[in-house]
Amino acid sequence: MSSLVTRVKLKQIEQLVAKGKRLDGRGILDYRELKIEQGVIEKAEGSARVLLGKTEVLVGIKVETGTPFPDTPNEGVQTVNAELVPLASPSFEPGPPDENSIELARIVDRGIRESKAIDTAKLCIEPGKKVFVVFIDVYVLNHDGNLIDASALAAVAALLNTKMPNYEVEDGEVKIKSGYTPLPLKSHPITVTLGKINGSLIVDPWLEEEQVMDSRISMAINDEGNICAIQKGGSGYFAPQQILEAKNIAMEKATELRKKLGW
Amino acid sequence: MNEKPEKLIDKKGLRLDGRKADELRPLKLEVGVLANADGSAYIEHGKNKILAAVFGPKEMHPKHLSLPDRMVIRCRYHMAPFSVQERKSPAPSRREVELSKVIRESLEASLFVELYPRTGIDVFIEVLQADGGTRCASITAASLAIADAGIPMRDLVVACAAGKVDDTVVLDLFDVEDKLGAADVPVALMPNLNAVTLLQMDGILTPEEFEKAVSMAMEGCKQIYVMQKEALKTKYMAIKEEVEEE
Amino acid sequence: MPTFFEKKQVVTPGELLAEGDYLIGENTYMEENKIYASRIGLVDLDNKRVNVVALRAFYVPKMGDIVIGTVKEVGFNGWTVDIKAPYTALLRASDVLSRPFKPQNDELSQVLNGGDLIVAKIASYDRAHDPQLTVGEPGLGKITRGQIMQVTPTKIPRVIGRKGSMISMIKQETGCQIILGLNGVILVTGKSPEFEELAMAAIKKIEEESHTSGLTDRITQLLKEEKAKLEENKNE
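Note that the protein sequences, when read in sequence, are chains A, B and C. Taking this note's numbering, the leading residue of the first sequence gets -10, the next gets one more, and so forth. Taking this note's numbering, the leading residue of the second sequence gets 1209, the next gets one more, and so forth. Taking this note's numbering, the leading residue of the third sequence gets 262, the next gets one more, and so forth.
Don't read these hints as lab results, they were simulated from the structure. Predicted model only: the values in this text are computed from it and were never measured. Take these hints with a grain of salt, some might be off.
Over 12 angstroms on every C-beta distance to chain C, these chain B residues come out as not near it, computed from the model [claimed, not checked]:
#1 LEU1216
#2 LEU1224
#3 GLY1247
#4 ALA1288
#5 ARG1302
#6 SER1318
#7 PHE1332
#8 GLN1337
#9 LEU1352
#10 ILE1359
#11 ARG1362
#12 ASP1375
#13 GLU1427
#14 LEU1440
#15 LYS1441
#16 TYR1444
Facing chain B, a subset of chain C residues (Cβ under 8 angstroms, in silico) [said to hold, decoys possible]:
#17 VAL271
#18 THR273
#19 GLY275
#20 ARG300
#21 ALA315
#22 TYR348
#23 LEU351
#24 ALA354
Positions of the beta carbon are idealized from the N, C-alpha and C atoms, including for glycine.
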């Protein structure tokens, strides 16, 4: 909503970016300060809270039992939902998920699903009948830009924190035993979002930059350095060279973050 | 229940539907097919059958949805219940909501939105039959419908996907390849401006494979663009030939 | 400094038309010193100006334009009028009634009601406001007789013809009064429905074949042939 930021400030941001600088002093390839806390919601099987600059996202994981999909009878189920909670921003209205929250959920879902982060084969309890369902709920608590990266990081951090209940199958019934097993993870995808302001690409756009940028591109990179999900958003366009430039930057930043987080 | 094919590409390099790696599925485009819409187009791409209609520019109802300094674009991508193997509920799915958004954004890039403040255009896409690559075919048809409505554009938007099956990067995946393949990369392009207005990817690709897929998809786009222009000209020039024969 | 087209070639949106020292005309735009088409149409060069005569476009109001519209709703102090444009036009009561307007006494629907056709002039229009109409000039006002037809607004100049030659010829041959709204709506009033329909058929043909040559001759021929048939039927 461009009414939130004055035209003068928008122009200022544009001019600074053209010179490789940003209003908060960052370089155009720098992330804001990142803080991750795990295990913040004890009643959830897994949880994590991410603070990326002032953007705050909380992800809670619930693991329950359910039936598998007919075309994957031996695999567990993963489902991602995102809530742009009204208290997170004056621009979020109460109500059912709108296109923005649905897009956010699906981007986070693709990064995790395509990288095969969750080892769904290990979530099978009774082939064709019972599997574990991993509910990943993304809760945006404060919107200050780049919800995608913050949510994706929080989701993986929460998965790393997730424990599945131990169980045994007795007479076709699943009985929960005591104790927990960590959720088996095969990959730790990292999503990097770049915004485009005229001809420049900036990493981790914050709220006011998001109002100046004409489009964004997000890329999820897995542990091996391969790309597992991409989403371009916004009503602007990219030149083919810019896409390749974005890919190179995303891979570099993912490697940096991976090292920093120890994933 | 269909059996899962073991290989998606055979020893001769032919895919399950007989195509080579860089071959497009057959395409048919027709402009101006719906009398009530301001602009419309119909596309058959492989087994995909998709109808696109455009209404506007006109004042928006309710009025508070309009913007004082530009035109608003609304887009609805919807699949008919009978369009897929297993009947799909007519209620909008989360996938349809996301696709409506990315399709809208891919078309918006081609429009001069500041020209008509306080108005809106509605783009309706109905997928009558789906066989992989519907979002790309939808964009190609919707862009023609916008041109058919006489709305000024920077360029036609054309879309095509590339992907990976059996370790080979291929062009224009159909449904089976999309489901069983390793990656899918849909791309929308304004060819004269060399501007990419939609780019998504799911699957796993090395950076080199990704680069190859994008460039292959763009080549596919350029081929379809030639057909798009022909379809548009055909509608408006049909009379010229008739007349000159007299 | 090249152009990339032949005279009267059909171009589609996004086609590169010229590069260098040229000016943008109708239905074109410039990016980085290159001129592109923005609508499908016929391209031509007028001195240094590149123009595209659109084969399909909608009407955008301009001050001073004569338009034909349909009254949509009767409001408190005027009417909303559909002029087949992206914006609804407004006609104030004060413009129609020649005396001061009293909301309680004056029943606006008696003067003009929903569904009535009017010929009006665009009195004012800007980006922030809907177009305002006026009927306070001779020849403007409510339409009581005749038939209405619609063509793509960009074809109106072709219907007029060079120095009005085409429209004068149609009027003469059919004996009809024809009012051309610049919004593409046309009013044809004649001695009989047959002559009105003949004029309308001629106009429709012009719209469909506007991009071809020899049109004037073909229209003249059509009118003469059909008129002869009508006269024959009358005599029987």
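task = Starting from the hint list further up, note which numbers the structure goes against and sort them upward.
result = Hints 3, 6, 9, 10, 11, 14, 15, 16, 23 and 24 not satisfied by this model.
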